[in-house]
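Order-wise, the sequence lines are chains A and B.
Per the working numbering: the first sequence = residues 1 to 343.
Per the working numbering: the second sequence = residues 1001 to 1240.
These are computed hints drawn from the structure, not numbers from a lab.
Fair warning: there could be bad hints in the mix.
Unchecked claim - Result set (DSSO-like, lysine-lysine): computed pairs, CA atoms no more than 27 Å apart in a straight line: (1) B:LYS1072 with A:LYS207; (2) B:LYS1230 with B:LYS1199; (3) A:LYS15 with B:LYS1135; (4) B:LYS1135 with A:LYS207.
Since the model is a prediction, treat every value here as computed from it, not as a measurement.
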Amino acid sequence: MKDGLHQDRAGSTFKALRSLLPVLVILALIALVPLFSPSNRFLSLAISAGINVIALYGLSVLFGQTGILSMGHAALVGVGAYAAAILARDFGVGFWAALPAAALASAAFAMIVGIPSLRVGGHHFVIMTFAFGQLLAIVLTNGGDYTGAATGLDLAGPVTLFGADMSDLTRYYLMVVAFVTAAAVASWAIINSSYGRTLRAIRENEKLAASLGINVGRHKIGAFVVSGVFAGISGVLLAYFLGHISPSQFSSFPSIYLALMVMIGGARLIEGPLAGGILVAFLPEVLNLDPVQSRIVYGVCLIAVIMLLPDGLIGGIVRALRAVLSGKPKQETEQRNAAEARR
Amino acid sequence: MSPILAISGLSKQFGGVTALAGVDLTIEEGEILGVVGPNGSGKTTLFNVVTGVHRPSGGTVLFRGHDITGLKPHAISRAGIGYTFQQAMAFAGLGVLENVRIAGEHVGTGGTANPWPTPQALLDFVGLSAVTNEKAGVLPFGSLRLLGLALALATRPSLLLLDEPAAGLNDRETTALVGLVRQLPGHGISVCVIDHDMKLMQMLCRRLAVLDFGSKIADGPTETVLADPKVLEVYLGGDL
Ligand SMILES: Nc1ncnc2c1ncn2[C@@H]1O[C@H](COP(=O)(O)OP(=O)(O)OP(=O)(O)O)[C@@H](O)[C@H]1O
Ligand SMILES: [Mg+2]
Chain A
1 MKDGLHQDRA
11 GSTFKALRSL
21 LPVLVILALI
31 ALVPLFSPSN
41 RFLSLAISAG
51 INVIALYGLS
61 VLFGQTGILS
71 MGHAALVGVG
81 AYAAAILARD
91 FGVGFWAALP
101 AAALASAAFA
111 MIVGIPSLRV
121 GGHHFVIMTF
131 AFGQLLAIVL
141 TNGGDYTGAA
151 TGLDLAGPVT
161 LFGADMSDLT
171 RYYLMVVAFV
181 TAAAVASWAI
191 INSSYGRTLR
201 AIRENEKLAA
211 SLGINVGRHK
221 IGAFVVSGVF
231 AGISGVLLAY
241 FLGHISPSQF
251 SSFPSIYLAL
261 MVMIGGARLI
271 EGPLAGGILV
281 AFLPEVLNLD
291 PVQSRIVYGV
301 CLIAVIMLLP
311 DGLIGGIVRA
321 LRAVLSGKPK
331 QETEQRNAAE
341 ARR
Chain B
1001 MSPILAISGL
1011 SKQFGGVTAL
1021 AGVDLTIEEG
1031 EILGVVGPNG
1041 SGKTTLFNVV
1051 TGVHRPSGGT
1061 VLFRGHDITG
1071 LKPHAISRAG
1081 IGYTFQQAMA
1091 FAGLGVLENV
1101 RIAGEHVGTG
1111 GTANPWPTPQ
1121 ALLDFVGLSA
1131 VTNEKAGVLP
1141 FGSLRLLGLA
1151 LALATRPSLL
1161 LLDEPAAGLN
1171 DRETTALVGL
1181 VRQLPGHGIS
1191 VCVIDHDMKL
1201 MQMLCRRLAV
1211 LDFGSKIADG
1221 PTETVLADPK
1231 VLEVYLGGDL
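Isolated chain A (complex conformation) (with noise of 0.2 Å):
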């Protein structure tokens, strides 16, 4: 009993471990594209794409694991990027003790607007949270010389790692590549846990979740507030990257495009994030589109995604491959247990 115990756990944990490594192996990849000298407007989309990437690993927690849908979630990027910009402007503090502060700033943010919205439940939280998306992008552009009013704010300071200057366009890729194989590890890790299992009970059956004694409306914020986290640290890597930000950047479309991108990779697989952000985000420049056109892209996307691929795209890539690989042996047990059940 207890080495079939051991075996199960030491099976379930490579099992874990096995998930992870795509994702690794890819991210050690992308990590070689400048070896390939790629031009200043590959790297800056790129740059771009992984800030997304790592607000979706925690949307992914918060879609994925505990199918809530923030339609808001920008604006808990917003909500960093501007703490970023506002503690370099009024208190001198550089980037890396803006991480922190700015992650808690966009945790609390989201405690703020996910207790309320939280209880009224269902799909009210995912206007809830569009609302409240809107109403920061108002008071930030209310905010006056504060928040920079509908200008915004620059943020002019440097990034420096071990005295080296990462403002540098590949350096900063670089950094960009670590932030996103540290939120995919940081989501991996919470999937697998018995944090994320709790998660996956609350998305499958509120009401048999709670009667096993598990607090589903404090977990449901917690999440949220977890999502908040990664949103923040994307929030700060945002600013420092463009060095301007403004209200726009943080409203509903980019919260539109935030919750679009996570539902085309795939929310629930760990691959999902990194692929909806990367597809997303270089779908228009591959296909040479202009913003009406691939706006419209992303709409026919999003629609025949939720129609027909409801775990995204990867997750339907994977299906798709599994059928391939291990057809014939899934139809007998499918075959032999329906022969079961009729017994």
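Chain A is fixed; fit chain B with the ligands onto it per the hints.
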């Protein structure tokens, strides 16, 4: 012996509907109590109010002497009351093992000593060890009911409330279920079970309480209650 659960004057109104009209009921330590009554008589509501799914309109619930009236469902579970739903439920999108693992990860201070130290041991107990690696959503109905029972047991309750646990089960499955439930008092788990199947109730319960229109109309040894004219009247033309 003092009762494990003491319900007094418990009532519940849904708008104009009185689902429970001041029910007094005790569950003794180590017994299997049956609750019967016609459709809509308030049996499920009784469980829902005790387990915190609904707030009572009035009355009190004492669990091992502590007032648990109006606590939230998760707090009731952690206090040591487990329950299964009339509609069989599991986390359909998750694996059977993961289901049981989740259920065992939120045990509160009210939990009993653990007769089933691992999720696997619990699955063995309910007879689901063959489907450990399946998704809960693909299980046949009977197995889903057993999984629901395993989930409730995984919270290590000292009192287990079962709402029509045999509904939808075939004879073989029902017999297996009876065998399982009978073992529970031996593991320190008192049981209260709702069911319409009187044969099943006679097999399981020495004591029976009868609800009708939200009121308790009989409570006593199973044979006495089933011979009670008031009870017979309620079930006239029914399946008694
Ligand atoms: N959530 C609810 N909202 C409104 N009315 C309800 C609700 N739950 C139960 N009721 C009403 O309360 C009464 C008792 O219902 P309850 O489900 O407790 O009956 P029951 O004895 O469990 O019946 P059955 O044997 O069919 O399961 C019924 O009239 C029912 O319509
Ligand atoms: Mg009922």
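To see whether the hints hold, each was checked on the structure:
1. B:LYS1072 with A:LYS207: 11 Å, holds
2. B:LYS1230 with B:LYS1199: Holds, at about 19 Å.
3. A:LYS15 with B:LYS1135: The given pair, whose Cα atoms are some 17 Å apart, holds under the 27 Å limit.
4. B:LYS1135 with A:LYS207: 19 Å, holds
Of the hints listed earlier, there is not a single one the structure fails to meet.
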